[in-house]
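Enquirer: Going line by line, the protein sequences match chains B and V. If you count the first sequence from 1, position 153 lands on 152 in numbering that gives the first Met the number 0, and the numbers rise without skipping. If you count the second sequence from 1, position 230 lands on 229 in numbering that gives the first Met the number 0, and the numbers rise without skipping.
If you are wondering where the hints come from, they were derived from the structure by calculation, not from laboratory data. Don't be surprised by glycine CBs; every beta carbon is placed ideally from N, CA and C. Wrong hints could be hidden among the right ones.
Label-pair restraints from in silico Cβ distances [unchecked claim]: (1) 259/V / 116/B: 41 to 49 angstroms; (2) 134/B / 75/V: 15 to 23 angstroms; (3) 315/V / 139/B: 21 to 29 angstroms; (4) 88/V / 154/B: 45 to 53 angstroms; (5) 93/B / 205/V: 52 to 60 angstroms; (6) 98/B / 325/V: 36 to 44 angstroms; (7) 200/V / 313/B: 17 to 25 angstroms; (8) 315/V / 303/B: 47 to 55 angstroms; (9) 158/B / 315/V: 31 to 39 angstroms; (10) 357/V / 303/B: 45 to 53 angstroms; (11) 158/B / 354/V: 31 to 39 angstroms.
One-sided excerpt, in silico: chain B residues whose CB lies under 8 angstroms from chain V [to be verified]: (12) 28; (13) 46; (14) 144; (15) 167; (16) 229; (17) 233; (18) 237.
Under 8 angstroms between C-beta atoms, here's a sample of chain V residues computed to sit facing chain B [as the list claims (entries may be wrong)]: (19) 63; (20) 68; (21) 69; (22) 213; (23) 224; (24) 231.
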Amino acid sequence: MQALPLITKCLKSAGAVWIAVAGLYVVSSLISPAMFQVGQVLNILQVASFLGVIALGQTVVILSGGIDLSQAGMVTLTNIVATSLMLGQTENMVFAVAVCLVLALLIGAVNGILVAVIGITPLIATLGSNAILFGVALVYTGGAPRGAAAEAFMVLGTGSLFGVPAPTLIWVLLAAVMVLLLRGTVYGRWLYATGANARAARLMGVPVERVLIAAYALSALLACMGGLLLTAYIGNPSLGIGNQFMLTAVAAVVVGGAALTGGVGGIMATVGGAIFITLLSSFTNIIRVSTGTQFVIQGVIIVLSVLAYRKLSQAR
Amino acid sequence: MIITTHHLNRRGLLKAGAGMATLTLLGGRAFAQEGVTLTPVGAMVKGTTKPGPYRIAFANGFSGNSWRAMAIAALQAEAAKTPDIAEFVVVDGQGDINKQVNDIEGLINQQFDAILIIGNSGSAVAPIVKQATDEGIVTAPFNLPIDGEDWSTYVGTDPQKKGATLGKWLSDALGGKGKIVALGGLPGNSYTAAGWAGAQEAMSKDIEVLAFKDAFWEEDRAKVVMADLIAAYPEIDGVWCDGAQNATGAMKALLDAGRPLVPVTGDDYNGLLKLFKAEKANHPKFDIGLMSEPTWQGIFAMRAAVSLLKGEEVPKQQILSPAMITAANYETYLRPNLPDGVFTDNSLTDEELAAIFKA
Numbered sequence: 000m001q002a003l004p005l006i007t008k009c010l011k012s013a014g015a016v017w018i019a020v021a022g023l024y025v026v027s028s029l030i031s032p033a034m035f036q037v038g039q040v041l042n043i044l045q046v047a048s049f050l051g052v053i054a055l056g057q058t059v060v061i062l063s064g065g066i067d068l069s070q071a072g073m074v075t076l077t078n079i080v081a082t083s084l085m086l087g088q089t090e091n092m093v094f095a096v097a098v099c100l101v102l103a104l105l106i107g108a109v110n111g112i113l114v115a116v117i118g119i120t121p122l123i124a125t126l127g128s129n130a131i132l133f134g135v136a137l138v139y140t141g142g143a144p145r146g147a148a149a150e151a152f153m154v155l156g157t158g159s160l161f162g163v164p165a166p167t168l169i170w171v172l173l174a175a176v177m178v179l180l181l182r183g184t185v186y187g188r189w190l191y192a193t194g195a196n197a198r199a200a201r202l203m204g205v206p207v208e209r210v211l212i213a214a215y216a217l218s219a220l221l222a223c224m225g226g227l228l229l230t231a232y233i234g235n236p237s238l239g240i241g242n243q244f245m246l247t248a249v250a251a252v253v254v255g256g257a258a259l260t261g262g263v264g265g266i267m268a269t270v271g272g273a274i275f276i277t278l279l280s281s282f283t284n285i286i287r288v289s290t291g292t293q294f295v296i297q298g299v300i301i302v303l304s305v306l307a308y309r310k311l312s313q314a315r
Numbered sequence: 000m001i002i003t004t005h006h007l008n009r010r011g012l013l014k015a016g017a018g019m020a021t022l023t024l025l026g027g028r029a030f031a032q033e034g035v036t037l038t039p040v041g042a043m044v045k046g047t048t049k050p051g052p053y054r055i056a057f058a059n060g061f062s063g064n065s066w067r068a069m070a071i072a073a074l075q076a077e078a079a080k081t082p083d084i085a086e087f088v089v090v091d092g093q094g095d096i097n098k099q100v101n102d103i104e105g106l107i108n109q110q111f112d113a114i115l116i117i118g119n120s121g122s123a124v125a126p127i128v129k130q131a132t133d134e135g136i137v138t139a140p141f142n143l144p145i146d147g148e149d150w151s152t153y154v155g156t157d158p159q160k161k162g163a164t165l166g167k168w169l170s171d172a173l174g175g176k177g178k179i180v181a182l183g184g185l186p187g188n189s190y191t192a193a194g195w196a197g198a199q200e201a202m203s204k205d206i207e208v209l210a211f212k213d214a215f216w217e218e219d220r221a222k223v224v225m226a227d228l229i230a231a232y233p234e235i236d237g238v239w240c241d242g243a244q245n246a247t248g249a250m251k252a253l254l255d256a257g258r259p260l261v262p263v264t265g266d267d268y269n270g271l272l273k274l275f276k277a278e279k280a281n282h283p284k285f286d287i288g289l290m291s292e293p294t295w296q297g298i299f300a301m302r303a304a305v306s307l308l309k310g311e312e313v314p315k316q317q318i319l320s321p322a323m324i325t326a327a328n329y330e331t332y333l334r335p336n337l338p339d340g341v342f343t344d345n346s347l348t349d350e351e352l353a354a355i356f357k358a
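Let the hints inform the model, and build the full structure from the sequences given.
Expert: Below you can see the structure in the form of structure tokens.
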């Protein structure tokens with residue numbers, strides 16, 4: 000009977016979303032036995048990795064009390080820049096990845112400055128950045144993207160170790176790093192404090208501006224990494240590749256239980272949220288539901304989960 | 000193999016009036032616009048003569064993919080070659096229905112002589128196009144149709160017929176029976192809807208359609224959707240697509256899953272041709288049946304607009320029968336040194352394509 004309090008404690012810190020993940024998996028396996036296959040579970044984990052990595056960044060920003068809608072543009076720009084610099088050659092790999100990461104840090108820092116120093120609402124600032132990033136990608140390619148990922152690079156997106164897909168391993172690694180950052184460092188405590196109440200945090204001596212700038216830089220960096228993983232998976236440039244992540248990244252964080260007002264949420268919960276959303280999408284693909292119905296189901300789930308979390312937090 | 004340059008080719012043919020078939024017989028690279036059949040549909044329409052040279056505008060609904068970039072380049076090249084055209088301007092609707100309506104309003108105010116259009120929504124732009132036509136501007140929609148008849152002349156393929164031809168090809172490639180999946184484009188778009196409706200009628204009764212999913216004409220989305228379908232259905236004998244970005248993504252998903260590649264349909268996207276060349280030796284069942292969605296169709300809309308401005312007659316609609324690309328002739332279309340995003344049935348030279356794609 001010692002197990003029960005332990006399990007409850009784990010669930011509380013990891014997020015109730017994991018019950019939903021397990022529940023959805025059971026339900027979908029009953030309706031479609033194809034979900035039981037190991038290959039399908041691995042496939043879902045592989046596809047969830049891209050959303051998962053991007054959502055890690057979104058978690059940081061939402062915890063700070065903001066939102067980052069420029070992740071989609073960042074993913075697209077990363078994909079375009081990486082493929083056009085790599086041009087399929089292994090020797091260009093490191094350079095291409097380095098350029099993308101540096102670009103992401105700069106763009107994230109700019110986002111952070113717009114929000115923290117200049118004082119523009121995060122929704123507006125990042126929405127503007129998103130448009131700019133997509134515009135830059137469009138101007139850079141003239142509408143006609145070129146380039147390709149190197150074969151060696153594509154191992155990161157399509158390869159596997161002991162049967163586990165490479166993107167999933169990278170996602171788990173990044174999630175572990177983020178958990179350490181948020182739970183084990185001063186920065187993590189400052190982030191939660193800023194998100195819960197920025198004024199109080201400032202009075203306590205938290206360097207709020209720097210915390211926010213770092214948060215947006217992290218978000219852009221993780222969006223870039225998600226873009227690089229996606230590039231490794233597909234191998235080709237595409238101007239539309241980031242669009243699907245703009246709001247699904249936010250949805251993954253919200254479904255995981257984070258409050259949009261800040262200060263509440265966690266990395267493990269977002270991981271669960273990303274898996275949940277991907278599982279739902281995969282399940283609706285398998286049961287041949289039309290795209291319209293798919294959107295409706297996803298929207299309903301998001302609204303229900305926000306309501307459920309509000310009830311849960313009131314019950315505490 | 001005789002390599003003919005773009006300019007020589009056209010003038011030579013016009014002078015000689017030789018059959019268009021000569022070009023493909025010579026085994027040269029296919030400049031398909033030379034070999035095209037344009038079927039006139041509907042009554043002839045006559046324009047009011049206006050003094051040249053003319054100012055022409057193109058209200059493009061959306062510019063964010065390589066098909067549109069190539070279409071614009073083809074139009075610009077044609078405008079540069081036509082002495083009757085003094086000015087050619089492109090306006091980008093950014094995928095926004097309202098913005099495109101505003102764009103067209105602006106073009107009307109700037110008193111352009113003719114407006115070419117690819118509409119984001121056939122119904123939403125119909126009123127503003129009607130207004131332009133009523134004010135004496137020649138309106139020439141192409142590629143995607145506009146509702147009603149209040150435009151001057153239309154050029155395009157017939158997606159229902161294309162879908163039917165592709166469906167029949169797939170059905171024949173499978174010997175009349177098998178299980179297929181179908182991948183469409185943006186959810187709810189009328190081009191896919193018409194194509195898939197045509198395909199379903201044309202396929203044999205013993206072809207079982209396992210699923211139809213929207214894949215956004217994006218390789219990455221198609222790959223993910225196909226991976227789910229692969230998990231759900233252990234046997235997939237063929238794939239119907241209207242756009243070959245979907246086909247390429249689907250084939251890559253099959254490769255990743257270690258399954259054999261199967262007959263697939265689509266359009267003239269270079270990426271699929273490259274994949275076919277690379278993989279056909281390893282996968283004996285892999286086969287392609289493609290109908291191009293020509294990026295040069297706007298040229299015919301532009302020529303029709305200029306004819307109307309000169310007071311000549313043109314058909315109300317001109318329907319293109321695009322080139323059919325199969326394993327037999329795909330190498331004349333394949334561009335191994337150009338990016339996947341090139342639509343290979345085009346009127347541009349390799350130098351012009353390289354300039355667009357900066358390859």
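Enquirer: Each hint should be assessed against the structure and marked as holding or not.
Expert: These are the hints, each one checked on the structure:
no.: 1; hint: 259/V / 116/B: 41 to 49 angstroms; in the structure: violated, 58 angstroms
no.: 2; hint: 134/B / 75/V: 15 to 23 angstroms; in the structure: holds, 21 angstroms
no.: 3; hint: 315/V / 139/B: 21 to 29 angstroms; in the structure: violated, 41 angstroms
no.: 4; hint: 88/V / 154/B: 45 to 53 angstroms; in the structure: holds, 47 angstroms
no.: 5; hint: 93/B / 205/V: 52 to 60 angstroms; in the structure: holds, 53 angstroms
no.: 6; hint: 98/B / 325/V: 36 to 44 angstroms; in the structure: holds, 41 angstroms
no.: 7; hint: 200/V / 313/B: 17 to 25 angstroms; in the structure: violated, 56 angstroms
no.: 8; hint: 315/V / 303/B: 47 to 55 angstroms; in the structure: holds, 52 angstroms
no.: 9; hint: 158/B / 315/V: 31 to 39 angstroms; in the structure: violated, 56 angstroms
no.: 10; hint: 357/V / 303/B: 45 to 53 angstroms; in the structure: holds, 48 angstroms
no.: 11; hint: 158/B / 354/V: 31 to 39 angstroms; in the structure: holds, 36 angstroms
no.: 12; hint: 28; in the structure: violated, 12 angstroms
no.: 13; hint: 46; in the structure: holds, 5 angstroms
no.: 14; hint: 144; in the structure: holds, 6 angstroms
no.: 15; hint: 167; in the structure: violated, 14 angstroms
no.: 16; hint: 229; in the structure: holds, 7 angstroms
no.: 17; hint: 233; in the structure: holds, 5 angstroms
no.: 18; hint: 237; in the structure: holds, 6 angstroms
no.: 19; hint: 63; in the structure: holds, 5 angstroms
no.: 20; hint: 68; in the structure: holds, 3 angstroms
no.: 21; hint: 69; in the structure: holds, 7 angstroms
no.: 22; hint: 213; in the structure: holds, 4 angstroms
no.: 23; hint: 224; in the structure: holds, 6 angstroms
no.: 24; hint: 231; in the structure: holds, 4 angstroms
The structure shown violates the earlier hints numbered 1, 3, 7, 9, 12, 15.
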